[in-house]
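With the hints as your guide, set chains Y and G onto chain H.
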Amino acid sequence: MDNIIEAKNVSFEFNNDDSESTKVIIKNLNLDIKRGSFTCILGHNGSGKSTLAKLFNGLYVPTSGDVFVNGINTKEEKSSIKIKNTVGMVFQNPDNQIVASIVEDDVAFGPENLGINPEETRKRVDNALKTVDMYEFRNSTPHRLSGGQKQRIAIAGVIAMQPECIVLDEPTAMLDPKGRQEIIKYIEKLNRENGITIILITHFMEEAQNADRVIVLNDGLIISDGKPKDIFSNIRLLKSIGLDVPQTTELLYSLKEKNDKVNTHIISIEETAEEIISAFHLEEK
Amino acid sequence: MLKDITFGQYIETNSPIHKLDPRTKLILLILNIVFLFLTKNMYSLAFAAVFLITIILISKVPLKIYLKNIKAIWFIVVFTSLINLLYGKTGKTLISFWKITITTGGVYRALFLALRIIILIIISSVLTYTTTPNDLTDGIESLLSPLRYIGLGAAVHTIAMMMTIALRFIPTLVDETEKIMNAQKARGADLENGKFRDKIKALVPILVPLLISSIRRAYDLAEAMECRCYNGGVGRVKMKRLKYGLNDLAALIVCLLFCAGIIILNTLFKQVII
Amino acid sequence: MSTILQVKDLTHTYNADTPLAKTALKNISFSVEKGEIVGIIGHTGSGKTTLVGHLNGLLKPTSGEIIVDGKNIWDEPKKISKIRSLVGLVFQYPEYQLFEETVYKDIAFGPKNLGLSGDELDNRIRETCKAVSIKEDLLYKSPFDLSGGEKRRVAIAGVMAMLPKILVLDEPVAGLDPAGRNSVIKMIEDYRDTYNATVMIVSHNMENMAQIADKLLVMNKGELYMYDTTENVFKRGEKLREIGLNVPIVTRVIDVIRQKGIDVPDNIFTVESAVEYITSKSQKAGGLDA
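Residue numbers (the working numbering), protein chains in the order written: chain H, 1 to 285; chain Y, 1001 to 1274; chain G, 2001 to 2290.
So here's chain H without its partners, still in its complex pose (with noise of 0.2 Å):
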């Protein structure tokens, strides 16, 4: 089987209880995720995407249409505890996913969970802190590390759990530059040596860029999905949606209005300078 997820005409409609009206926040979507794969999921706060992660391992089951995980339904009760082994989540707020106060019992919670033998789970438990190097820190207590790492250390507890599939919801939202170059160096590291799939939810556009595919979401609906540089060419429509858009690729659309043989296919600072220079004929004098 060559997808890990298939999402089959999902809608999903929440309630409100102090009125009658139920607002749809995902409609009709299709999407199927590549084993081994790394999607990114853009948009902006609110166009549903966090929605749409809980939809992935069964955390939420869709109103109507079908959400299968290698080739099982989430809407199968039996299978829940499978389905979220196989899907890993990793959420926002570090403080808000770790659960006991010494770093290694944390991380140890979720094969703990699973039944998993004590040597077994030791192993784990130490592989998963070596990946995320925080080995160091195994027997510290969690309040007193810095938000890269109490992420790192989510991250870990969800690797401990060998999943095949990790969907991270905003993990760098709360972090500043430093833990955010740190988070997404792990999550792009998981990919390429682990072979994990890889669903990185954002608003950041950069963190997009080393994708396989990006997936531009909003109102519930995708607008785009395609190789990030065949997106990021289309910042208007990015914009128009209220999405961060890295500074180089804000410059080279500026310069395109004034120049419409600038490319902006582009990200890197370095391509960028490379880019103006062949454009506008910059030459040393």
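Honestly, the hints are just simulated from the structure, not real lab data.
Predicted, not measured: the structure shown is a model, and the values here were computed from it.
Hints are not guaranteed to be accurate.
In silico DSS-like links for lysine-lysine, alpha-carbon gap of 27 Å or less [said to hold, decoys possible]:
no. : chain 1 : residue 1 : chain 2 : residue 2
1   : G       : Lys2260   : H       : Lys256
2   : Y       : Lys1179   : G       : Lys2082
3   : G       : Lys2135   : H       : Lys23
4   : Y       : Lys1179   : G       : Lys2165
5   : G       : Lys2260   : H       : Lys258
6   : Y       : Lys1201   : G       : Lys2105
7   : H       : Lys258    : G       : Lys2284
8   : H       : Lys258    : G       : Lys2281
9   : Y       : Lys1199   : G       : Lys2022
10  : Y       : Lys1179   : H       : Lys178
11  : G       : Lys2022   : G       : Lys2034
12  : G       : Lys2082   : Y       : Lys1201
13  : Y       : Lys1179   : H       : Lys123
14  : Y       : Lys1179   : G       : Lys2078
15  : H       : Lys227    : H       : Lys8
16  : G       : Lys2112   : Y       : Lys1201
17  : G       : Lys2186   : H       : Lys239
18  : G       : Lys2078   : Y       : Lys1195
19  : G       : Lys2141   : H       : Lys23
20  : G       : Lys2215   : H       : Lys178
21  : H       : Lys178    : G       : Lys2022
22  : G       : Lys2079   : Y       : Lys1199
23  : Y       : Lys1179   : G       : Lys2105
24  : H       : Lys82     : Y       : Lys1238
25  : G       : Lys2079   : Y       : Lys1201
26  : G       : Lys2221   : H       : Lys185
27  : Y       : Lys1179   : G       : Lys2060
28  : Y       : Lys1240   : H       : Lys82
29  : G       : Lys2235   : H       : Lys178
30  : H       : Lys130    : Y       : Lys1240
31  : Y       : Lys1195   : G       : Lys2082
To give an idea of the chain G side of the interface with chain H (calculated C-beta under 7 Å), a few residues [as the list claims (entries may be wrong)]:
no. : residue
32  : Leu2116
33  : Pro2178
34  : His2204
35  : Ala2274
The C-beta atom is built at its ideal place from N, Cα and C for all residues, glycine as well.
Okay, now just chains Y and G, sitting in the frame of chain H:
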């Protein structure tokens, strides 16, 4: 600070007592307390005191720290002693005026009880000084686990899980309270002055945001736990299993000797104070 | 221009006189003029938050002085809470401190604590909201029904309504989307312009700083590393990189162009100025294709 509750009153000195299994420490503490209450005369109580001093020395935690605990309960010690001083009617009469008579028996009784309470408090703090709250939680869960045979397994697990989460979140909530207090102070909130009623009113701007954020955290945590395959503890296997060692056996033997000593001294010296 | 804030030789040690003593600020001195927007940048743990806590008397200096509007704020320690009407402090994620049933009541909390009531209070709220473009119909909604960006704006307005002469904001745009970010930045500029107030902003975002700050104060390991105009600080990218900070991305692009042997000026920090410069230079060279 409350923030450091993860370590509670724990003091790291790496003594042989620290290395004991928390279950051993819990059981031995209970044994100790029971036999402390069985002491009947000054001899067996003195023996208990000597035993306690030995334990304090082994724990390597400075005596000063233990004595701090007594400061907190001096009122109870004095009050109990006074009551007993007045009610003891045995022995020679020392002073007698109005309706009050103080006898030698009363004095003995008062001293005896004061000492017993002090020993009780100190022996209990040996446990908290040498065991982290996490280990204590694990120990309690493990000791209570036989309750599963009468269908209370889930309850025991739930209580232990709640203790674990409380220990984890108290420092976070303390931080958060501090932040909200500062934020409202910056908006001119006066938290120190005013009458009792004003003070209660001043709590609203702190408690409401704190409550809202705690509920949000609780939801988030519940989802995160569910995502990590938690389903109420069914089929859960802990990575760290408590294991008894030879040191635990040794501690048990020492403790049993202590119990035996109390009984022997109680029977050897018939002079009974209580 | 006149000086509104002077910090003289400020040192702060946490847990002083204990083995856990940790010096968070070392001999900080600087002054800020009326109407300026000063950015405070530095890594997590560089002392930014400790510095900000001193400005309105939440923290007391271990040594040194803080002089606001010509008066040492610790001259009368009992009246320290008065300083809070002079220096308004907006914490990170201020929307988490909202607690009232309506936006109006929440914004009223600060001015009420200053002793305002009746028409005066009502006028103050409406006037401030108008100045920073918070719409009237928002005032009677519950703050908890607003979107993230709106909540943030309402929370900031709650401090602005106290009309502080110095407004200090810790990461005011963190976690917002571009639209929310722009509206918060606009609101801060509006406040400064309407009341000729001084603004100090703590932020990690150099691009936003380039956009809004007149001066930058750079903190590193509890010391004042640099304090100069935004232009002068960003011209010294090398010195910023030494402590792990950097210049705005657009400036880095310009730097790369310069490294390739092309003569470009060193005062380009925003996309607008970069576009302007590149197109004008290209036209001069006749490089822009018609």
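Checking one constraint from the list: CA of lysine 1195 of chain Y to CA of lysine 2082 of chain G, max 27 Å. Satisfied? OK: lysine 1195 of chain Y and lysine 2082 of chain G at ~20 Å, within 27 Å.
Mind checking the alpha carbons of lysine 258 of chain H and lysine 2284 of chain G for me, to see if they're no more than 27 Å apart? holds (15 Å)
Quick one, are lysine 130 of chain H and lysine 1240 of chain Y close enough, alpha carbons at most 27 Å? holds (19 Å)
Could you grab the alpha-carbon distance between lysine 2135 of chain G and lysine 23 of chain H and see if it respects the 27 Å cut-off? Roughly 25 Å between the alpha carbons, so the hint for lysine 2135 of chain G and lysine 23 of chain H holds.
Does the alpha-carbon distance linking lysine 258 of chain H and lysine 2281 of chain G stay inside the 27 Å limit? Holds, at about 13 Å.
May I ask you to test the interface hint for histidine 2204 of chain G with respect to chain H, counting a Cβ-Cβ separation under 7 Å as satisfied? holds (5 Å)
Assess, step by step, whether the Cα of lysine 2112 of chain G is no farther than 27 Å from the Cα of lysine 1201 of chain Y, and give holds or violated. holds (14 Å)
Can you confirm whether the C-alpha distance between lysine 2221 of chain G and lysine 185 of chain H stays at or below 27 Å? holds (26 Å)
Min Cβ distance, alanine 2274 of chain G to chain H: is it shorter than 7 Å? holds (6 Å)
Do the alpha carbons of lysine 2082 of chain G and lysine 1201 of chain Y lie within 27 Å of each other, as the hint requires? Given that 27 Å is the threshold and the Cα spacing comes to 20 Å, the pair holds.
Assess, step by step, whether the Cα of lysine 1240 of chain Y is no farther than 27 Å from the Cα of lysine 82 of chain H, and give holds or violated. holds (24 Å)
Proposed proximity, lysine 123 of chain H with lysine 1179 of chain Y (alpha carbon, max 27 Å): violated (39 Å)
Hints 9, 11, 13 and 32 from the list above are not met by this structure, while the remaining hints are.
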